[in-house]
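Those protein sequence lines, which keep their order, are chains A, B and C. Each residue of the first sequence is one higher than the one before, starting from 365 at the first, in this note's numbering. Each residue of the second sequence is one higher than the one before, starting from 74 at the first, in this note's numbering. Each residue of the third sequence is one higher than the one before, starting from 2 at the first, in this note's numbering.
Treat the hints as calculated values from the structure; they're not laboratory data. A couple of the hints might just be wrong.
[As the list claims (entries may be wrong)] Residues on chain B that point at chain C, a partial pick, calculated with CB under 10 angstroms:
1. Lys189
2. Phe267
3. Glu272
4. Gly295
5. Gly304
Remember, it's a predicted structure, so these values are computed and weren't measured experimentally. We put the CB at the ideal spot given by N, CA and C, even for glycine.
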Amino acid sequence: MSNAPVTRKHASTLRGGSLPKWSPWAIAAGSVVAGLGISLAAGLDSKVQWGLIAAIVFVLGTYGFAARVEGRRQAKDRVATSMVWVCFIVAVVPLVSLIWETLKRGAKVFDVYFLSHSMGVVADTETGGGIYHALIGTLEQVGIASLIAVPVGVLTAIYLVEYGRGKLARAVTFFVDVMTGIPSIVAGLFVLSFWILIMGMGYSGFAGAMALAILMMPVVVRSTEEMLKLVPNELREASLALGIPKWRTILKVVLPTSIGGITTGVMLAVARITGETAPVLLLVWGTNFINNNPFSGPQASLPLYIYRQYAAGTPASTDRAWAAALALILFVMILNMGARAIARWKAPKTGR
Amino acid sequence: MKLQRMNRRALTLGALAVSGALALTACGSDDTGNSSGGGSSASASNNSAIKCDNAKGQLQASGSSAQKNAIDAWVKAFTAACKDVQINYNPTGSGAGVTAFTQGQTAFAGSDSPLKPEEATAAKKVCGGNNAIDLPMVGGPIAIGYNLDGVDNLVLDASTLAKIFDGKITKWDDKAITALNPDAKLPSTKIQAFHRSDESGTTDNFTKYLKAVAPSDWNYSGGKAWQAKGGQSAQGSAGLAQQVNQTPGAISYFELSYASGSIKAASLKTGAATPAAATVENATKAISAAKVVGTGNDLALEMNYKPTAEGAYPLTLVTYEILCEKGNKADTLAATKSFLTYIASEDGQAQLTAAKYAPIPAEIITKVRSTISNLS
Amino acid sequence: MDISTQSTQAPPPTPRSSSASRKRAARGATRPGDRVFLALSRGSGILLLVIMAAIAVFLTYRASLALSKNEGNFLTTFEWNTGLVPPVFGIAVLAFGTVVSAIIAMALAVPVAVGIALFITHYAPRKLGGPIAYVIDLLAAVPSIVYGLWGAIVLVPHLNGLFGWLDTYLGWTGIFSWQGGAPRSMLTVGILLAIMILPIITNVSREVFRQAPQMHQEAALALGATRWEVIRMSVLPFGRSGVISASMLGLGRALGETMAVATVLSPTFDIQASLLDPGGGTFAQNIAAKFNEATVFGQDALIASGLVLFVITLLVNGAARFIINRRKEYSGANA
Numbered sequence: 365m366s367n368a369p370v371t372r373k374h375a376s377t378l379r380g381g382s383l384p385k386w387s388p389w390a391i392a393a394g395s396v397v398a399g400l401g402i403s404l405a406a407g408l409d410s411k412v413q414w415g416l417i418a419a420i421v422f423v424l425g426t427y428g429f430a431a432r433v434e435g436r437r438q439a440k441d442r443v444a445t446s447m448v449w450v451c452f453i454v455a456v457v458p459l460v461s462l463i464w465e466t467l468k469r470g471a472k473v474f475d476v477y478f479l480s481h482s483m484g485v486v487a488d489t490e491t492g493g494g495i496y497h498a499l500i501g502t503l504e505q506v507g508i509a510s511l512i513a514v515p516v517g518v519l520t521a522i523y524l525v526e527y528g529r530g531k532l533a534r535a536v537t538f539f540v541d542v543m544t545g546i547p548s549i550v551a552g553l554f555v556l557s558f559w560i561l562i563m564g565m566g567y568s569g570f571a572g573a574m575a576l577a578i579l580m581m582p583v584v585v586r587s588t589e590e591m592l593k594l595v596p597n598e599l600r601e602a603s604l605a606l607g608i609p610k611w612r613t614i615l616k617v618v619l620p621t622s623i624g625g626i627t628t629g630v631m632l633a634v635a636r637i638t639g640e641t642a643p644v645l646l647l648v649w650g651t652n653f654i655n656n657n658p659f660s661g662p663q664a665s666l667p668l669y670i671y672r673q674y675a676a677g678t679p680a681s682t683d684r685a686w687a688a689a690l691a692l693i694l695f696v697m698i699l700n701m702g703a704r705a706i707a708r709w710k711a712p713k714t715g716r
Numbered sequence: 074m075k076l077q078r079m080n081r082r083a084l085t086l087g088a089l090a091v092s093g094a095l096a097l098t099a100c101g102s103d104d105t106g107n108s109s110g111g112g113s114s115a116s117a118s119n120n121s122a123i124k125c126d127n128a129k130g131q132l133q134a135s136g137s138s139a140q141k142n143a144i145d146a147w148v149k150a151f152t153a154a155c156k157d158v159q160i161n162y163n164p165t166g167s168g169a170g171v172t173a174f175t176q177g178q179t180a181f182a183g184s185d186s187p188l189k190p191e192e193a194t195a196a197k198k199v200c201g202g203n204n205a206i207d208l209p210m211v212g213g214p215i216a217i218g219y220n221l222d223g224v225d226n227l228v229l230d231a232s233t234l235a236k237i238f239d240g241k242i243t244k245w246d247d248k249a250i251t252a253l254n255p256d257a258k259l260p261s262t263k264i265q266a267f268h269r270s271d272e273s274g275t276t277d278n279f280t281k282y283l284k285a286v287a288p289s290d291w292n293y294s295g296g297k298a299w300q301a302k303g304g305q306s307a308q309g310s311a312g313l314a315q316q317v318n319q320t321p322g323a324i325s326y327f328e329l330s331y332a333s334g335s336i337k338a339a340s341l342k343t344g345a346a347t348p349a350a351a352t353v354e355n356a357t358k359a360i361s362a363a364k365v366v367g368t369g370n371d372l373a374l375e376m377n378y379k380p381t382a383e384g385a386y387p388l389t390l391v392t393y394e395i396l397c398e399k400g401n402k403a404d405t406l407a408a409t410k411s412f413l414t415y416i417a418s419e420d421g422q423a424q425l426t427a428a429k430y431a432p433i434p435a436e437i438i439t440k441v442r443s444t445i446s447n448l449s
Numbered sequence: 002m003d004i005s006t007q008s009t010q011a012p013p014p015t016p017r018s019s020s021a022s023r024k025r026a027a028r029g030a031t032r033p034g035d036r037v038f039l040a041l042s043r044g045s046g047i048l049l050l051v052i053m054a055a056i057a058v059f060l061t062y063r064a065s066l067a068l069s070k071n072e073g074n075f076l077t078t079f080e081w082n083t084g085l086v087p088p089v090f091g092i093a094v095l096a097f098g099t100v101v102s103a104i105i106a107m108a109l110a111v112p113v114a115v116g117i118a119l120f121i122t123h124y125a126p127r128k129l130g131g132p133i134a135y136v137i138d139l140l141a142a143v144p145s146i147v148y149g150l151w152g153a154i155v156l157v158p159h160l161n162g163l164f165g166w167l168d169t170y171l172g173w174t175g176i177f178s179w180q181g182g183a184p185r186s187m188l189t190v191g192i193l194l195a196i197m198i199l200p201i202i203t204n205v206s207r208e209v210f211r212q213a214p215q216m217h218q219e220a221a222l223a224l225g226a227t228r229w230e231v232i233r234m235s236v237l238p239f240g241r242s243g244v245i246s247a248s249m250l251g252l253g254r255a256l257g258e259t260m261a262v263a264t265v266l267s268p269t270f271d272i273q274a275s276l277l278d279p280g281g282g283t284f285a286q287n288i289a290a291k292f293n294e295a296t297v298f299g300q301d302a303l304i305a306s307g308l309v310l311f312v313i314t315l316l317v318n319g320a321a322r323f324i325i326n327r328r329k330e331y332s333g334a335n336a
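Generate the whole structure from the sequences, applying the supplied hints.
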């Protein structure tokens, strides 16, 4: 075995030195301890600081060890890896906290009574009351907004994909993009200026629904457009070749093929506008009682309810705000998951 | 074939969703009366004072958030007796309340300040050419709430307050404060002065007081928006109280009912011999010194910010209900009248003290009652 | 919303590019049903344009009512007092606050979002990546008012420590000095906005990174590149335009965000060098805060500030489209 040292040398030039597999965990554990130690020594009491210090120690430690053992390129790679992990953890902490706090604090007063009663005459300082009136308001406003926005949005998308050429189509495409970026409060101000200040109509659920529809349209156009583009051209051509008019081709072939994707897009858009507070704050006025008529009189709305209860600032009202937030999140999440399930179930079978 | 079936299924789903939503509208309830135990038992015994006069329907009102808690208590007692009436008081703020009233959206407005001339003109349109009037209903001491460990009876005067909120006095052991509080152990911490970030009648009344009593230290024109630079802010009285509660060394102004937890209310040095504490009784004393400046049935008051009477707490806000003298909307008149009659009655005014509001002095409230009985 | 950027990646619509098919379409349109349908769909497109125009026109009209009576300079006045006679209001502080908070949010969110996107596509174990992507997708849909509630009640108390730390070690810069009030400043808003737009930017970036050409990556690996070098050389350049457009989406949301800012910020009509002391507000927050007490005139003044916000978001969106279009040509050659 005289050549043993030679082979060892060979192996090392080819593979280089490398840290054992458990080393990231060891460094992580070490840096957490270091973070805690430094924080305690310096008398810092925020967990966020502990985490930050631990993260910095981790990154520096990894670079130091790796640079010594494996060389600089590998060290950079390891730092990049740990940075990516740190990014992930840093981002996950607040997001998990958000969900966790909402669940924990929201569950306190979240029950059937809460869902089936309005606020009625319950004062801010008292416990009790519920979100039924707000739920009705939100459902009706979002429903009306969808009734306005979905046909317009889908037809516009059809125009862009099936007919659109030339200046008008380009202008529509551009402004749909721009419209996607309209802040919700601007949409609210627009309806305020033209419906309430100039036309002199009252605050109502319908006013809020119009602002929501403006926010919803571009989202529906965009998603529908994408879905229509995915419909294979052969289908259209086959239908047209049979002498079927174009409008029937669109209605009977193109739309049914992409209906799954369109539904998904619509549901995602609905989920998005359900949580919009700003336009509702300006337009529906809010009430503590049930108002089933969105066309006259003030209505409540779930996001607005959360804001009002938060602003009232008493322990009881803060509990209600959290519970309503929980209801809102559940509603939006169910819509979202449903949309994604439909998307998977009805995905157009193209080889994209 | 397959495509059509899918279509139909989508339709069925949609129909199901719509009918589900419709079904939902039928199963909720506004009846929250039994849900909360305490608080309303006292009012329940006084039901005899409430005359419903066959009033029915929903009453929309909005305005000052300063009187929200008082209205809450009244609405509770009133609707317990008159089950056919729903009163929705929306604490949007005085300005929005008056705007909504002049647009004809509400039956009455609650406001921290009487109608301005241009608002009165606008209101005539809704009142069919008649005047809209201000009826003082609730008095409220504006407490100077502070959060300072170990200092219980802080005394301040208008000029010191003005300097604190203008950022000219920045430490708690400033000479001006120690001179007013020779016995207190004042720390040398920074003063964190909080003001309202939204426009507010409370800010308006507070700065009016500063300007009236200490014009040389408060060089701002006043109004609902905070004008001084610097300091911190929060939304609404509840927001302010929350911040003061959390921040040691903080000071702010809000209605007395918010001064709870670690917040204590400072006394004000006035023209009288001893400083006036922020209490309900002292506020009523101060309102007694106010004079009626409204004409006819309009009972707008002008506060006397430099009272000499012992114990009168001058930093007091009077909130009004604003409605038409004649020409109120017929469908809500009965309910409005019946509700206002109740809140101006002895029983109604007696409710105020529990909610830390000041009843309107007897002399003025009797005028209010006679005005209400003539509303049409 | 990953929908809007897919357009940059999606294959261009293939149907009807030849003149023959155009003719056929034109002939098709002569049937009555086709004519009605075309009119309907074109009408919807035109309706969208009309709405956009109407927004601009109505806002401008109401804004002009307010601006004509303004005694202050709309662009430079540090005050918002529409109740005064004569009224004084200006957007200087709001513009400052809006821009500063958006910059902080972008500076914090974009690197982290790119990191998470890379984590999901290139670092996480495959079994973990899918579910994480799904969850972050869902988080993008959490309503802003919930972020606001969480920010005001949970996040703000946790920032006391961070602010104290920044003041102690970085206070000398002036940007991070702290007077010791409640931690509800521009930095707080920036952090909360960053958390809010993080899922949006992550989603879009992730889609782009996933589509990075596999061949390039394998080639780089075969040449002995480390994972990081692969990403730097073949994934990031490919994804750059996608990340930019994702960031613009996030920026748009950060600029126009209302409720989360309104619940968290302690606004003052003043500009401070320090990000930790209260100073500034944002357009949307100011509208939400002042709307309640506003008279009709006050509402007009707020509409004027909303118009400025509208124009700013138009410019940002326009710039985003411009960048994306130019980048597309580049990366088309590279990819």
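Here is what the structure says about each hint:
1. For B:Lys189, the interface hint holds, since its Cβ comes within 10 angstroms of a Cβ in chain C; the closest pair sits about 9 angstroms apart.
2. About 8 angstroms separates the beta-carbon of B:Phe267 from the nearest beta-carbon of chain C, less than 10 angstroms, and the hint is met.
3. Residue-level restraint check for B:Glu272 holds (minimum Cβ-Cβ distance to chain C is 3 angstroms; threshold 10 angstroms).
4. The beta carbon of B:Gly295 is positioned within 10 angstroms of a beta carbon in chain C (closest approach about 9 angstroms), and the interface hint is therefore held.
5. This hint holds: B:Gly304 has a C-beta 7 angstroms from the nearest C-beta of chain C, less than the 10 angstroms allowed.
The structure agrees with every numbered hint stated previously.
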